[in-house]
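Number of protein chains: 2
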Amino acid sequence: MNQGSLIVLSGFSGAGKSTVINQVLAQRPEIYFSISFTTRAPREGEVNGVNYHFVTKEEFEARIEKGEFLEYAQYNGNYYGTSMAVLREKMAQGIDVILDIEVQGAALVREKMPESISGFIVPPSFQHLEGRLRGRGTDDEETIQKRLAIARVEAKEVPKYDYIILNDAVENAVAQVFAILDAARCRTQGRMDLLEDFKGE
Amino acid sequence: MNQGSLIVLSGFSGAGKSTVINQVLAQRPEIYFSISFTTRAPREGEVNGVNYHFVTKEEFEARIEKGEFLEYAQYNGNYYGTSMAVLREKMAQGIDVILDIEVQGAALVREKMPESISGFIVPPSFQHLEGRLRGRGTDDEETIQKRLAIARVEAKEVPKYDYIILNDAVENAVAQVFAILDAARCRTQGRMDLLEDFKGE
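As you go down the protein sequences, you meet chains A and B in turn.
For what it's worth, the numbering used here labels the leading residue of the first sequence as 13, then goes sequentially.
For what it's worth, the numbering used here labels the leading residue of the second sequence as 13, then goes sequentially.
Hints listed in this document are in silico derivations from the structure and should not be mistaken for laboratory results.
Hints are not guaranteed to be accurate.
What the hints assert, rightly or not - Below, simulated SDA-like cross-link-like pairs (lysine to any residue); rule was C-alpha separation at most 25 Å, straight line:
| hint | chain 1 | residue 1 | chain 2 | residue 2 |
| --- | --- | --- | --- | --- |
| 1 | A | LYS124 | A | PHE190 |
| 2 | B | LYS172 | A | MET204 |
| 3 | B | LYS168 | A | ASP209 |
Said to hold, decoys possible - Computed beta-carbon distance windows for the label pairs:
| hint | chain 1 | residue 1 | chain 2 | residue 2 | range |
| --- | --- | --- | --- | --- | --- |
| 4 | A | THR68 | B | SER137 | 48 to 58 Å |
| 5 | A | THR150 | B | GLN116 | 56 to 66 Å |
| 6 | B | ARG40 | A | GLU70 | 54 to 64 Å |
| 7 | B | SER137 | A | ASN88 | 27 to 37 Å |
| 8 | A | ALA187 | B | GLN116 | 33 to 43 Å |
| 9 | A | ALA187 | B | GLU123 | 24 to 34 Å |
| 10 | A | LYS172 | B | ALA74 | 29 to 39 Å |
| 11 | A | ILE107 | B | ARG40 | 23 to 33 Å |
| 12 | B | GLU183 | A | GLY143 | 34 to 44 Å |
| 13 | B | GLY89 | A | SER30 | 53 to 63 Å |
| 14 | B | GLU169 | A | LEU37 | 33 to 43 Å |
| 15 | B | MET204 | A | LYS124 | 20 to 30 Å |
| 16 | A | PRO136 | B | GLY149 | 47 to 57 Å |
For every residue, glycine included, the Cβ atom is placed at its ideal position computed from N, Cα and C.
Let's have the full structure, built from the sequences with the hints guiding it.
In C-alpha cells, the structure reads:
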C-alpha cells in the first residue's frame with residue numbers, strides 16, 4: 013500500500029486557513045488532521061484535544077526535552093509543536109495527514125521530511141486580509157497591525173512553499189487542496205510498485 | 013495572467029492512453045492538445061490534422077533542418093515530432109497543453125522545458141496490458157510481442173516522470189490527470205504575483 017502524504021498548510025493570519033481546513037476535513041473525513049500542542053490560551057469555542065492540545069509552558073518544555081516534536085516554534089510569545097509518532101503511523105497506513113503550522117515550523121518539517129508537500133493560503137489581496145481581520149472583530153487595532161506586519165514578514169518565506177492556495181472563495185481553496193493531495197498520490201516515488209511487473213526479462 | 017502548464021503524457025502501448033486523453037479533452041475542451049507530426053501511416057479512423065499531421069519522410073526531415081521541433085524521435089521505424097511555436101503561444105495565453113509523446117521525446121522536453129510536468133500511464137499489471145493488446149485485435153502476434161518487449165524497456169524510463177497515472181478505469185485515470193493539472197496551477201513559481209501586494213514596507 014502507498015504511504016499517505018504529509019501536507020503542511022500555512023497562511024497569513026486572517027486568510028481563512030481554519031475555515032478551509034475545516035471544510036477539507038468535513039468533505040474528506042479519512043484525512044488525519046495533526047493536532048498541535050500549544051501553550052497559548054484557547055480562543056472562544058476551541059476545544060482541548062480537537063483544535064489543539066493546550067498545555068502549560070512547563071509541560072511543553074518537558075516534551076521538547078524528550079525529543080517528541082517533529083517541529084516546534086515560538087510565535088507571538090507562545091509555543092506550538094507537532095508530535096511525530098502519530099503522524100508517521102497514519103502515513104504508513106496510507107492516510108493523508110494535514111499539518112497546520114506557521115512558517116518557522118513548516119521550514120523545519122520541509123527539512124526533516126523532504127517528501128512532504130507544503131501549501132501557503134493567501135487572500136486575493138492585502139486589502140482583503142485587512143478587511144477580514146477587522147471583520148471578524150476579535151482583535152483590537154494594535155493586534156490587527158501586528159498581524160499585518162507579521163504577514164509582510166511571512167510573505168518572504170512563501171516562495172519556499174511548493175504551492176500557493178488562493179482563497180478567493182472557500183470552495184475554490186478546498187478544491188485546490190484536494191487537487192494537491194490527489195496529485196501527490198500519483199507521484200512516481202510513491203508508485204514504484206506499479207512498475208514491478210514490467211521488470212522481468 | 014498565469015502561464016498554462018505543459019503536461020507530457022506517455023504510456024505503454026495498449027495502456028489506454030488515447031482513450032484517457034480523449035476523455036480529458038472532452039471534459040475540458042479548453043485544454044490544448046498538441047498535435048504531433050508523424051511519418052507513420054494513419055490507422056483506421058485517424059484524421060490528418062486531428063490525430064496527427066501526417067507527413068512524408070522528406071517533409072519531416074525538411075522541418076528538422078528548419079529547427080521547428082521541440083523534440084522529435086524515431087519509433088518503430090517512423091518519425092514523431094512536436095512543433096514548438098504553437099505550444100508556447102497557448103501556454104502564454106494561460107492555456108494548459110497536453111503533449112502525447114513517447115519516452116525519448118519526453119526526455120527531450122524535460123530537458124528543454126524543466127517547468128513542464130510529465131505523467132506515465134500504466135495499466136494495473138503486465139497481464140492487463142497483454143490482454144488489452146490482444147483484445148483490441150489490431151495487431152498480429154509478432155507486433156504484440158514487440159510492443160510488450162518495448163514496454164519492458166520503457167518501464168526503465170518511468171522513474172524519470174513526475175507522476176504515474178494508474179489506468180484501472182478510464183474515469184480514474186482522467187481524474188488523476190485533472191488533479192495533476194489543477195495542482196500544477198497552484199505551483200508557487202506560477203503564482204508569485206499573488207505575493208506582490210505583501211511586499212511593501
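Hint check results:
Between LYS124(A) and PHE190(A) the alpha-carbon distance is near 24 Å, which keeps this suggested pair within the 25 Å criterion. Restraint check for LYS172(B) and MET204(A): satisfied, since their Cα atoms lie roughly 11 Å apart, inside the 25 Å limit. Under the criterion of a C-alpha separation no larger than 25 Å, the hint pairing LYS168(B) with ASP209(A) is consistent with the structure, at around 12 Å. Evaluation of the 48 to 58 Å hint for THR68(A) and SER137(B) yields a pass: the beta carbon distance comes to about 55 Å.
Our hint of 56 to 66 Å for THR150(A) and GLN116(B) holds, since their Cβ atoms are close to 59 Å apart. Hint check: ARG40(B) to GLU70(A), Cβ distance near 56 Å, so the stated range 54 to 64 Å holds. Distance hint check: the CB atoms of SER137(B) and ASN88(A) are about 53 Å apart, inconsistent with the given range 27 to 37 Å. Taking the beta carbon of each, ALA187(A) and GLN116(B) are about 35 Å apart, inside 33 to 43 Å as hinted.
Take ALA187(A) and GLU123(B): their Cβ atoms lie about 32 Å apart, and the range 24 to 34 Å holds. For LYS172(A) paired with ALA74(B), a C-beta distance near 47 Å fails the hint of 29 to 39 Å. A hinted range of 23 to 33 Å holds for the C-beta pair ILE107(A) and ARG40(B), which are about 30 Å apart. Checked against the hint of 34 to 44 Å, the pair GLU183(B) and GLY143(A) passes, with Cβ atoms roughly 41 Å apart.
Between GLY89(B) and SER30(A) the C-beta distance comes to about 60 Å, which sits within the given range of 53 to 63 Å. Checked against the given bound of 33 to 43 Å, the beta carbons of GLU169(B) and LEU37(A), roughly 38 Å apart, stay inside it. At about 26 Å, the beta-carbon gap between MET204(B) and LYS124(A) stays in the expected band of 20 to 30 Å. Judged by the Cβ atoms, the range 47 to 57 Å given for PRO136(A) and GLY149(B) holds: they are separated by roughly 54 Å.
The earlier numbered hints that this structure contradicts are 7 and 10.
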